[in-house]
Each structure stands twice: as C-alpha cells, then as structure tokens.
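Turn these sequences into a full structure, and let the hints steer you where they fit.
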Amino acid sequence: MSDSTVRGVVNVIEETKTYGQKGFRKRLVVLEQDKGSFSNYIPIEFTRDACDSVDEMNMGDEIEVAYRLNGRKWQRDPQSEVKYFVSVEALSYKVVGASGGNAGAGADAANDAFNEVDDEAPF
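Numbering (the numbering used here), first residue to last: 1 to 123.
No lab work stands behind these hints: they were computed from the structure. Among the hints, erroneous ones may be present.
Said to hold, decoys possible - Beta-carbon label-pair distances, calculated as ranges:
no., residue 1, residue 2, range
1, VAL96, GLN21, 35 to 43 Å
2, LYS94, ARG25, 15 to 23 Å
3, ARG7, GLN79, 41 to 49 Å
Said to hold, decoys possible - Here are the simulated SDA-like cross-link-like pairs (lysine to any residue), alpha carbons at most 25 Å apart as the crow flies:
no., residue 1, residue 2
4, LYS35, LYS83
5, LYS22, GLU62
6, LYS94, ASP3
7, LYS17, ASP52
8, LYS83, VAL30
9, LYS26, TYR67
10, LYS26, ASN40
11, LYS22, LEU91
12, LYS26, GLN79
13, LYS73, THR47
14, LYS26, ARG7
15, LYS35, ASP3
16, LYS35, LYS73
17, LYS26, ALA98
18, LYS83, PRO43
19, LYS26, LYS73
20, LYS94, ARG25
21, LYS94, GLU56
22, LYS17, PRO78
23, LYS83, LEU28
24, LYS35, VAL96
25, LYS22, ALA50
26, LYS73, LEU28
27, LYS22, LYS73
28, LYS26, SER80
29, LYS94, LYS73
30, LYS83, ARG68
31, LYS17, GLY71
32, LYS94, GLU62
33, LYS35, VAL9
34, LYS35, GLN75
35, LYS94, LYS22
36, LYS26, VAL88
Every residue gets a Cβ at the ideal spot worked out from N, C-alpha and C, and that includes glycine.
Next comes the structure, spelled out in structure tokens:
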C-alpha cells in the first residue's frame, strides 16, 4: 500500500512544543488548499525528529506531504459521551513550489547555472 499524500500551500508554521517527561515533540503546519469558492485548511503534525525538518519549510511554499491518519477515542467517564479524534501525522514532505520570496532568488541561481552550462553545451 502506498502512502497517502496531500498537497497545499504552507499557511501556518508553529513552533515545536514538547510534552511529558520523555520530551515528546510535536510541530503543527497548516496547509491551505484553494477550492474555488472556499479555502480548505489542513493541520498536519510533524512529530519527534521530523519537527526539525520543518525548519527548511517557508510560508507560502507549496508542498506535498506523505501522511498517516491517527485516531483516538476519548471518554471523560463511563456515563459520558464517547468522542473520536483524528490527526494527520506527516511521514515526509517535499517542496513542489517555492514561496514568492524565495522563488526569485532560487530561479535566478538556477537560470545562472543553466546559462553557464548552455554556453558549453555541445549542441
């Protein structure tokens, strides 16, 4: 079975939060998807060492995230209503479109490299 993926534009990057005595770390990234008449916001959790990989991400980047769904059951006491929660945990991600602020510099560098190679190309 292949990983599920979701694609969107980085709208929120939260700071890493640490929980419990063992130091469990979690970092939230929210993707925005333009659905025409409305925007869809998808909160994705990066956990443990994956929190550090978010440092390479920028607001406005278009990314594709491989993820898994995690579900939990919660009930305050045996007589209360049962609630179910789902979270989206990132397994990996790749940038498929850089944000406007970084795209220009990256595109200029790529064009410079292409022009250097183009001058020496045998065809």
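List of violated hint numbers, smallest to largest: Checked against the structure, the hints that fail are numbers 4, 5, 12, 16, 22, 28, 29, 34 and 35, while the rest are satisfied.
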